[in-house]
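Colleague: Counting the sequence shown from 1 gives a position; the numbering used here is that position plus 13.
Simulated from the structure, these hints should not be mistaken for laboratory data. Hints may be right or wrong, so weigh each one.
What the hints assert, rightly or not - Cβ-Cβ distance ranges computed for the label pairs, FRET-style:
#1 Glu32 <-> Gln99: 28 to 38 Å
#2 Glu37 <-> Ala74: 15 to 25 Å
#3 Asn75 <-> Glu37: 29 to 39 Å
#4 Glu77 <-> Glu32: 12 to 22 Å
#5 Ala35 <-> Asp73: 28 to 38 Å
#6 Gln96 <-> Glu59: 10 to 20 Å
#7 Gln99 <-> Gly51: 28 to 38 Å
#8 Lys71 <-> Glu28: 29 to 39 Å
#9 Asn75 <-> Glu32: 15 to 25 Å
#10 Ala95 <-> Ala57: 34 to 44 Å
#11 Asp33 <-> Glu77: 27 to 37 Å
#12 Asn75 <-> Asp33: 17 to 27 Å
#13 Ala15 <-> Asn75: 26 to 36 Å
Backbone N, C-alpha and C define an ideal beta-carbon position, used for all residues, glycine too.
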Amino acid sequence: MADIDTDIKQMIIEELELEDIALEDIDTEAPLFGDGLGLDSIDALELGLALQKRFNVKIDANSEQNKEHFRSVASLRNFVLAQQAQ
14 MADIDTDIKQ MIIEELELED IALEDIDTEA PLFGDGLGLD SIDALELGLA LQKRFNVKID
74 ANSEQNKEHF RSVASLRNFV LAQQAQ
């Protein structure tokens, strides 16, 4: 699990150009939006596209569950693993 967490953290840093953030700065359980890492809705769109490309997952833009999937690195990991198991 740690490998996919690291992959997701690295993808966040690279895709969102967070040059001042290191892998160790991103807590796996901390919120990505708001008080946590401080990402916004534009970041969410970019992150969604990057997830689809890197992990070959399908994200339903109208899904009510997206907010929960994008809550933290851990929730993104669980989402990716669930998608890949299908």
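Colleague: If I claimed the Cβ atoms of glutamate 37 and alanine 74 lie 15 to 25 Å apart, would that claim hold in this structure?
Modeller: violated, 32 Å
Colleague: Holds or violated: the 17 to 27 Å window for the beta-carbon distance between asparagine 75 and aspartate 33?
Modeller: violated, 34 Å
Colleague: Holds or violated: 26 to 36 Å for the Cβ distance of alanine 15 and asparagine 75?
Modeller: holds, 32 Å
Colleague: If I claimed the Cβ atoms of glutamate 77 and glutamate 32 lie 12 to 22 Å apart, would that claim hold in this structure?
Modeller: Roughly 33 Å apart at Cβ, these two residues miss the hinted range, so it is violated.
Colleague: Between glutamine 96 and glutamate 59, does the C-beta distance stay in 10 to 20 Å?
Modeller: Given about 19 Å between the Cβ atoms, the range holds.
Colleague: Looking only at beta-carbon atoms, does the pair alanine 95, alanine 57 fall within the given range of 34 to 44 Å?
Modeller: This hint is violated: roughly 19 Å between Cβ atoms.
Colleague: Taking the CB of alanine 35 and the CB of aspartate 73, does the distance hold inside 28 to 38 Å?
Modeller: Holds, at about 32 Å.
Colleague: Is 28 to 38 Å a correct range for the gap between the Cβ atoms of glutamate 32 and glutamine 99?
Modeller: At roughly 35 Å between Cβ atoms, glutamine 99 and glutamate 32 fall inside 28 to 38 Å, so the hint holds.
Colleague: CB of lysine 71 to CB of glutamate 28, is that within 29 to 39 Å?
Modeller: The hint (29 to 39 Å, Cβ to Cβ) is violated, given that lysine 71 and glutamate 28 are roughly 18 Å apart.
Colleague: Could you see if the CB distance from asparagine 75 to glutamate 32 stays within 15 to 25 Å?
Modeller: violated, 33 Å
Colleague: Starting from the hint 27 to 37 Å, judge whether the C-beta atoms of aspartate 33 and glutamate 77 obey it.
Modeller: Check passed, 33 Å falls within 27 to 37 Å.
Colleague: Does the Cβ-Cβ separation between asparagine 75 and glutamate 37 fall within 29 to 39 Å?
Modeller: For asparagine 75 and glutamate 37 the Cβ distance comes to about 35 Å; the hint holds.
The structure does not agree with the numbered hints 2, 4, 8, 9, 10, 12 stated previously, though it agrees with the rest.
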